[in-house]
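Quick note, the sequences are listed as chains A and B, same order. Numbered by the numbering used here, the letters in the first sequence go through residues 1 to 355 in order. Numbered by the numbering used here, the letters in the second sequence go through residues 1001 to 1486 in order.
Rather than coming from a laboratory, the hints here were simulated on the basis of the structure. In this text, all values refer to a predicted model and were calculated from it rather than measured experimentally. Where a beta carbon is used, it is the ideal one built from N, C-alpha and C, also for glycine. Treat the hints loosely; a few may be bogus.
[What the hints assert, rightly or not] So the derived label-pair ranges between C-beta atoms look like this:
| hint | chain 1 | residue 1 | chain 2 | residue 2 | range |
| --- | --- | --- | --- | --- | --- |
| 1 | B | G1303 | A | S18 | 37 to 47 Å |
| 2 | A | L211 | B | C1108 | 26 to 36 Å |
| 3 | A | A199 | B | F1439 | 37 to 47 Å |
| 4 | A | S111 | B | S1398 | 37 to 47 Å |
| 5 | B | M1419 | A | S18 | 18 to 28 Å |
| 6 | B | S1226 | A | A199 | 15 to 25 Å |
| 7 | A | L21 | B | I1382 | 44 to 54 Å |
| 8 | A | A28 | B | F1098 | 22 to 32 Å |
| 9 | B | S1226 | A | V10 | 48 to 58 Å |
[As the list claims (entries may be wrong)] Within a straight-line C-alpha distance of at most 25 Å, the following computed DSS-like cross-link-like pairs (lysine-lysine) qualify:
| hint | chain 1 | residue 1 | chain 2 | residue 2 |
| --- | --- | --- | --- | --- |
| 10 | B | K1443 | B | K1356 |
| 11 | B | K1443 | A | K6 |
| 12 | B | K1184 | A | K6 |
| 13 | B | K1146 | A | K6 |
| 14 | A | K6 | B | K1076 |
| 15 | A | K5 | B | K1459 |
| 16 | B | K1184 | B | K1076 |
| 17 | A | K166 | B | K1443 |
[To be verified] Partial selection, computed: residues in chain A whose CB lies under 7 Å from chain B:
| hint | residue |
| --- | --- |
| 18 | W7 |
| 19 | S18 |
| 20 | L151 |
| 21 | S152 |
| 22 | L155 |
| 23 | Y161 |
| 24 | S342 |
| 25 | Y345 |
Each chain is listed here by its residues.
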Amino acid sequence: MKNSKKWCIVLLSLTLISVMLFGTVTYALDPLIQYRKESNLLTYYESSEIYSNPGIAKNYDYDSVLVGSSMVENTDVSEMDDLFGYTTIKVPYSGGSSYNHKTILDVCFNSNDNIKNVFWSLDEYALTTDYQTPRYPLPDYLYDFDKTNDLSYLLNLDVFYFYTIKDAFNTVKGNKQLAMKDGSWNADESIYCKENALASFEYPYEQTESLGEKFFADDLNDNLTYNIIPLIKENKNTTFRFYMVPYSIAYWYIEKSDGKLDAHFYDVKKALGEILEYDNTEVYFFQDDVDIITNLDNYKDYSHFKPEINSYMSKEMKKGNYRLTKDNYEEVLNNFKKYLESFDYDTFFNEYTGN
Amino acid sequence: MLFNSYIFIFLFLPITLIGYFVINHFCYHKTAKLWLVIASFVFYGYFNISYLWIIIASIIFNFCINRLFVTMVLKKNKLFRTTVFLVGLLANIGLLVFYKYLDFFFECSNNMFNTDFVYMNLILPLGISFFTFQQLSYLIDSYRRKVPNYNILDYSLFVTFFPQLIAGPIVLHSEVIPQFENKKNLKFNTDNFAKGLYAFSAGLAKKVLIADTFGKIVTYGYGNISSLTSLDGILTILAYTFQIYFDFSGYCDMASGIALMFNIELPINFNSPYKAKNISEFWKRWHMTLTRFLTNYIYFPLGGSRCSKIRTCFNILVVFLVSGMWHGAGLTFIIWGLLHGVAMVIYRLGKKYIDKVPFPVMWTINFMFICLTWVYFRAESIESANNMIMSIFNGGFSIGAELSETLLNVIPISIITNMIPINNLLPIIMIVIMALFAFICLKTRNVQEKIKTFKPCGKNLISTYAVLLYSILSLSGVSTFLYFNF
């Protein structure tokens, strides 16, 4: 009897002390910046958007936000700040759906009531996925403001192993810090070349009949109604600068081959039409810059372009170029669609591939 | 509320336990029972409060029906008695059908007869299959005059006692209620508490560390059937075999551990089922309280084995059809049940010869049969189950990129691959892990056996501490994901 009692007491106290100690260490080092801005104790080496973005949104000082997909991961926001005079945080989601963007913007607006500007890189695919589904499951306990579920973060062995230890290790080794705010995705310039761009898809692609304009209409409508328009409406003092980035001609070839071109342009037209109804929005359209999109040396695959293009877009937006308005957006989209439909893909790719 | 949650471990369990024994200490035994019933309702309602009324209504209804059996009119009038019994039976089964099977029946009807029933899309109340079966057993026993006259508090406690409420074991009133009456059990008992902690920790580890990790392979595999290599396919099938066992038996170990902390012994539900050398033995070791229910309340009333050979085979098939249906509403579950039923019939007919086959051969055949039938249990449709089995012949002994990424995010595997820098180590590690778990299932003593001989000592203190801490720190992981284009 006495033996059991001692056994239980030792087990429970040991477990409790260990758990508390563990939680304290995570709290002190705070690898996912949930409690304070990047501390001086740790070099924040490991980061992943899904886990780091909510901490950045909650704890940084900023008055501007950049959201979007992997297309804007290479953006140098310090440069943007020099141009526009904002202090911007970058919270993109690779492959993110508009639900991702809405979720992180909600965190931003709930933790900061001085947001003057949102740079929102709009991809058509993000408007046509289910409006309530993130691209990858989100750790909800990092995105809400509920203190009671912080245990999921504090007592998390995976966080400890994949973030705390690695960060601590890099701190000790004196490795260079990847500032979360400016962290870029693919800094290595050498990967941007036509060989890589061409290797990322198969040519020729099987041709499919057009899916019709309204193929994604229901999802599009939900995404606009629940994930985009309410944010614009509820934050009248914030300027929403939407911009659409230039995918390579190969991307359009795939869209066309998959029969998605009609639907794509219907979606974009509908979305921009609704967005442009509001005074606190601006729209910039870089997709029809044929000099960029037909030079495959700008790309590392059929869609991702080099950081210089990000930089170029920042500057052009500042100058007010590439801007769409209520009056011209339909014409610009129609012209670009015609261009894509009549483009001689075979000659273009044969020339590139040397056939 | 789940056992593997912070709120249960750090808040609910300690408060319920302390409250129960403090109230009992001051000899308010009825109040202590009420405390447990209320705690159990909190436990049940925590997940979805709107379903609390279903279980409360079900308990009150069944209690009233059972009460009617002991009234004078029903004691004497057989017709009345049978009518009340049938009403009770139909109401319970009706509740289950309404919530669990209605959409399935609609779907079958819409597909076969072109009807247009609109699906109800109801959320299944937690544990409805368990508490309905438990109450059915009580109803049948009550009809057969085998139940003493319990009051509403005892009856509620029997149905709702939270360790067994949502995933079994399916207990009989005679196993539990007398234990709550026993004076010896009303005082906190450190021996039982130690055993309980041990069983709970082991169960928690089985669920959180083992089953959930295998679950990652399973989720990937069943989500990408068309692109699996042979090795992926085999790993997925084996992973589910281990996942379902460690998940379910881990849950039952936690349940029995928690019950033990209250000095209540729950019936054993899993007795190393993968040690079985034939299908009949498997069902004597797997989900034993369900097998007991089906045997006592379906197989025997149908005539059991005391009739012609053909009739016995028919009875077996009926039992397994019901078992399949009980596990889930869908054709895949029916197929799974029938496959096991047919295997049972084959075993019964060829027992004389089958029992002579050497153990290793028979065990292998049986284990493979169980693994393959689990595919139907897990797959979303019969077609994808077939595809999953066929994926074994896809060729290729590498592990797909996405699955590799998932596996490398499992801490122990990540540590091993970081320590041994050899290319293509992962397939070897996975094969070793599967072999190791097959060995564990086949050769080691299970938690229930270990509890029986449990003596507190330094060695099991350290192992319990390590396992408990590791499990608690793994309750919420970091989900893995891959970067794709865009």
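Consistency of the hints with the structure:
no., hint, verdict
1, B:G1303 - A:S18: 37 to 47 Å, "58 Å, violated"
2, A:L211 - B:C1108: 26 to 36 Å, "32 Å, holds"
3, A:A199 - B:F1439: 37 to 47 Å, "45 Å, holds"
4, A:S111 - B:S1398: 37 to 47 Å, "45 Å, holds"
5, B:M1419 - A:S18: 18 to 28 Å, "25 Å, holds"
6, B:S1226 - A:A199: 15 to 25 Å, "24 Å, holds"
7, A:L21 - B:I1382: 44 to 54 Å, "51 Å, holds"
8, A:A28 - B:F1098: 22 to 32 Å, "53 Å, violated"
9, B:S1226 - A:V10: 48 to 58 Å, "53 Å, holds"
10, B:K1443 - B:K1356, "22 Å, holds"
11, B:K1443 - A:K6, "32 Å, violated"
12, B:K1184 - A:K6, "22 Å, holds"
13, B:K1146 - A:K6, "43 Å, violated"
14, A:K6 - B:K1076, "58 Å, violated"
15, A:K5 - B:K1459, "16 Å, holds"
16, B:K1184 - B:K1076, "38 Å, violated"
17, A:K166 - B:K1443, "38 Å, violated"
18, W7, "4 Å, holds"
19, S18, "5 Å, holds"
20, L151, "5 Å, holds"
21, S152, "4 Å, holds"
22, L155, "6 Å, holds"
23, Y161, "5 Å, holds"
24, S342, "26 Å, violated"
25, Y345, "20 Å, violated"
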